Amino acid sequence: MKTDVYLPASEKVWDLFVRCFHWTMVSCILLDYFVISDGELPHQILGYGATALVLSRIVWGFIGSETARFSDFFPTPSKLRHHFKAIRNGEHLYYKGHNPLGALMILTLLSLIIGLGVTGWMQTLDAFWGEEWLMLSHEILSHTLMVMVFIHVSAAIIMGKIERVKLIKAMVTGNKERY
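Each residue of the sequence shown is one higher than the one before, starting from 351 at the first, in this note's numbering.
Since the hints were derived computationally from the structure, they do not count as laboratory data.
Some hints here could point you the wrong way.
Below are the SDA-like pairs computed for lysine to any residue, each with C-alpha atoms no more than 25 Å apart in a straight line [to be verified]:
1. Lys-429 to Tyr-444
2. Lys-516 to Thr-374
3. Lys-516 to Ile-501
4. Lys-516 to Met-375
5. Lys-446 to Phe-384
6. Lys-519 to Leu-403
7. Lys-511 to Gly-414
Per label pair, the in silico range of CB-to-CB distance [what the hints assert, rightly or not]:
8. Ile-408 to Ile-437: 23 to 33 Å
9. Val-468 to Val-376: 13 to 23 Å
10. Ser-461 to Glu-482: 39 to 49 Å
11. Tyr-398 to Phe-367: 29 to 39 Å
12. Asp-476 to Met-509: 39 to 49 Å
13. Phe-420 to Leu-443: 34 to 44 Å
14. Asn-439 to Asp-476: 25 to 35 Å
15. Trp-471 to Asn-439: 19 to 29 Å
All values reported here derive from a predicted model rather than from experimental measurement.
Cβ coordinates follow ideal geometry from the N, Cα and C atoms, glycine included.
My request is simple: use the sequences and hints to build the entire structure.
Encoded structure:
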């Protein structure tokens with residue numbers, strides 16, 4: 351974590367794996383939620399694909415580049431308190447990768463996708479076939495994921511404007527640029 355003392359005009363932030371993971375996940379989620387009918391084979395394939403992506407991202411969180419590693423951005427209580435204090439004081443702290451709230455959102459999104467993968471898979475098992483609570487859980491997780499995605503995208507746009515950083519572009523090019 352750095353303060354607003356030195357802000358580079360452009361800085362390499364996201365590696366190719368993180369960017370490919372991100373946009374492939376966006377495609378899986380949007381197709382599964384808005385295009386493909388629930389329960390059909392393509393829905394299941396996209397769901398299992400999204401789950402596999404999350405599992406690969408978890409591995410990358412331990413062996414990947416600096417900003418991809420969980421150790422770089424894991425939102426500990428002290429990091430969250432420090433971040434909230436800075437916000438209350440009108441300070442904008444500089445983080446090369448995710449700020450603590452962004453990190454919390456990433457972990458929430460990854461957890462929701464794993465939950466969807468597990469509940470989706472469970473629905474294919476004889477032991478849980480047709481269980482109403484399981485179908486409802488899967489549906490609630492999917493709607494919750496979409497709400498969190500909306501908050502995530504909105505926060506990236508808003509924080510990008512506040513901090514004068516091209517955050518959306520950074521997930522395409524890998525470079526965090528100021529404007």
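So, going through the hints one by one against the coordinates:
1. For the suggested pair Lys-429 and Tyr-444, the alpha carbons sit about 13 Å apart, so the restraint of at most 25 Å is met.
2. For a cut-off of 25 Å, the pair hint linking Lys-516 to Thr-374 stands: about 20 Å separates their Cα positions.
3. With a C-alpha separation of about 17 Å, the suggested pair Lys-516 and Ile-501 falls inside the 25 Å cut-off, and the hint holds.
4. Distance restraint check for Lys-516 and Met-375: the Cα-Cα separation of roughly 21 Å lies within the 25 Å cut-off, and the hinted pair is therefore satisfied.
5. The hinted pair formed by Lys-446 and Phe-384 fails the criterion: a straight-line CA distance of about 33 Å is larger than 25 Å.
6. With a C-alpha separation of about 22 Å, the suggested pairing of Lys-519 with Leu-403 holds against the 25 Å cut-off.
7. Between Lys-511 and Gly-414, the direct Cα distance comes to roughly 28 Å. Violation of the 25 Å bound is thereby established for this hinted pair.
8. Judged by the Cβ atoms, the range 23 to 33 Å given for Ile-408 and Ile-437 holds: they are separated by roughly 29 Å.
9. Hint check: Val-468 to Val-376, Cβ distance near 21 Å, so the stated range 13 to 23 Å holds.
10. Take Ser-461 and Glu-482: their Cβ atoms lie about 23 Å apart, and the range 39 to 49 Å is violated.
11. Tyr-398 and Phe-367 have their C-beta atoms about 20 Å apart, which leaves the hinted 29 to 39 Å range violated.
12. The supplied range of 39 to 49 Å is met by Asp-476 and Met-509, whose beta-carbon atoms lie about 47 Å from each other.
13. Against the hinted window of 34 to 44 Å, the Cβ-Cβ separation of Phe-420 and Leu-443 comes to about 19 Å, which falls outside the hint.
14. Distance hint check for Asn-439 and Asp-476: the Cβ-Cβ separation is about 57 Å, which falls outside the suggested range of 25 to 35 Å.
15. In this structure the hint that Trp-471 and Asn-439 lie 19 to 29 Å apart at CB is violated, the actual value being about 46 Å.
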